[in-house]
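Asker: Sequence:
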Amino acid sequence: MPGRDHPARAGEPRDRVHASHQGHRLVSGRPHVLLVADRTRSGIPETLSIVEPAIERHAGEVTRIDPHEPVPETSFDVAVVLGGDGTILGQARRLATRGTPIAGVNVGRLGFLAEFDADAFADAAELVLGDAPPIVERMTLEIRVESPDEALDDDEGWTLALNDCVVTAGAPFRMIELGLDFNGHGGPHLSGDGLIVSTPTGSTAYNVSAGGPIVHPTCDALVVTPLAVHSLAFRPVVAGADETITVTAVRVNEGTTLVIDGQLTRHLRVGERVRLRRGAPRVRLIHDPRAEFWSTVVRKMRWATGPTYRDR
Numbered sequence: 000m001p002g003r004d005h006p007a008r009a010g011e012p013r014d015r016v017h018a019s020h021q022g023h024r025l026v027s028g029r030p031h032v033l034l035v036a037d038r039t040r041s042g043i044p045e046t047l048s049i050v051e052p053a054i055e056r057h058a059g060e061v062t063r064i065d066p067h068e069p070v071p072e073t074s075f076d077v078a079v080v081l082g083g084d085g086t087i088l089g090q091a092r093r094l095a096t097r098g099t100p101i102a103g104v105n106v107g108r109l110g111f112l113a114e115f116d117a118d119a120f121a122d123a124a125e126l127v128l129g130d131a132p133p134i135v136e137r138m139t140l141e142i143r144v145e146s147p148d149e150a151l152d153d154d155e156g157w158t159l160a161l162n163d164c165v166v167t168a169g170a171p172f173r174m175i176e177l178g179l180d181f182n183g184h185g186g187p188h189l190s191g192d193g194l195i196v197s198t199p200t201g202s203t204a205y206n207v208s209a210g211g212p213i214v215h216p217t218c219d220a221l222v223v224t225p226l227a228v229h230s231l232a233f234r235p236v237v238a239g240a241d242e243t244i245t246v247t248a249v250r251v252n253e254g255t256t257l258v259i260d261g262q263l264t265r266h267l268r269v270g271e272r273v274r275l276r277r278g279a280p281r282v283r284l285i286h287d288p289r290a291e292f293w294s295t296v297v298r299k300m301r302w303a304t305g306p307t308y309r310d311r
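For the sequence shown, counting from 1, position 79 maps to 78 in numbering that gives the first Met the number 0; every step adds exactly one.
A couple of the hints might just be wrong.
Label pairs and their in silico Cβ distance ranges [claimed, not checked]:
no.: 1; residue 1: Glu-72; residue 2: Ile-213; range: 32 to 40 Å
no.: 2; residue 1: Ala-131; residue 2: Ser-74; range: 15 to 23 Å
no.: 3; residue 1: Ala-227; residue 2: Asp-37; range: 29 to 37 Å
no.: 4; residue 1: Gly-254; residue 2: Thr-62; range: 50 to 58 Å
Quick caveat, the hints were computed from the structure, so don't treat them as lab data.
Only a predicted model underlies this, so the values are computations on that prediction, with no experimental measurement involved.
Backbone N, C-alpha and C fix where the C-beta goes; we use that ideal spot for every residue, glycine too.
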């Protein structure tokens, strides 16, 4: 089982939900905590007034940074991240290769990845910052763009995503054409507004809004969902996590863009290929033991909510 600051190697078995502590704790036995918070953001100071004392009661040392500051090279036992899901996504990409567990405290609108609110974190701080916090590991996605006139080594040029990778048509908003293949085998051509490739974690984000399936986050899979495709027969598909998906830009607009986790962008040109595969590191999230995925989907996303009947 991987230690808290050491991600598992490829092929090493991983429990999907487990408790682990094999990090580099201080002599006191208390954890070194990385606290990530934008103190100028609305709602953060009030949340910190509850969260910070709870951390200080159980931590041996606390390092505080803004979400946009570089992460110190020091080894951390736990990262406590305050913000919305976008903040969690950004920090997850930065911390994934370190294997540092992340406890997300929601100060955003939805809080799907940030399972704790301020009071829940304070109540669970002893468990979260203790020797054996409940950790769930989430699959990541690696993406790179390959140009026809450029040769890359196999391990060169990859960018990590936790949620998804989107090719969007962009201005002047004509249909674009993309070619798909799976593991080097020819797949369909897509004419439409673009394409989403998401992880199970990202299946409840842009993917589900575009009509794609919800996939439980402990599964390993790649979800491929077209955007406004000009076909009655192109449905979302769930591919195996070990497949490599290649998206070729056959016809694009000036504004056609590759978007990673809704945060990183790059324009695409005709002939360029986007290659996607399962990421080597996994994001390690500290789980609120009182939360359950399907209940959260119902409560926060109104999944399968029926009409309001007069007799109910």
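Asker: Look at each hint and say if it fits the structure.
Answerer: Hints, verified against the model:
1. Range check, Glu-72 to Ile-213: about 38 Å between beta-carbon atoms, so the 32 to 40 Å window is met.
2. One distance hint, 15 to 23 Å for the beta-carbon pair Ala-131 and Ser-74, holds here, with the actual separation near 18 Å.
3. Against the hinted window of 29 to 37 Å, the Cβ-Cβ separation of Ala-227 and Asp-37 comes to about 35 Å, which satisfies the hint.
4. At about 40 Å, the beta-carbon gap between Gly-254 and Thr-62 misses the expected band of 50 to 58 Å.
Of the hints listed earlier, the one the structure fails to meet is number 4.
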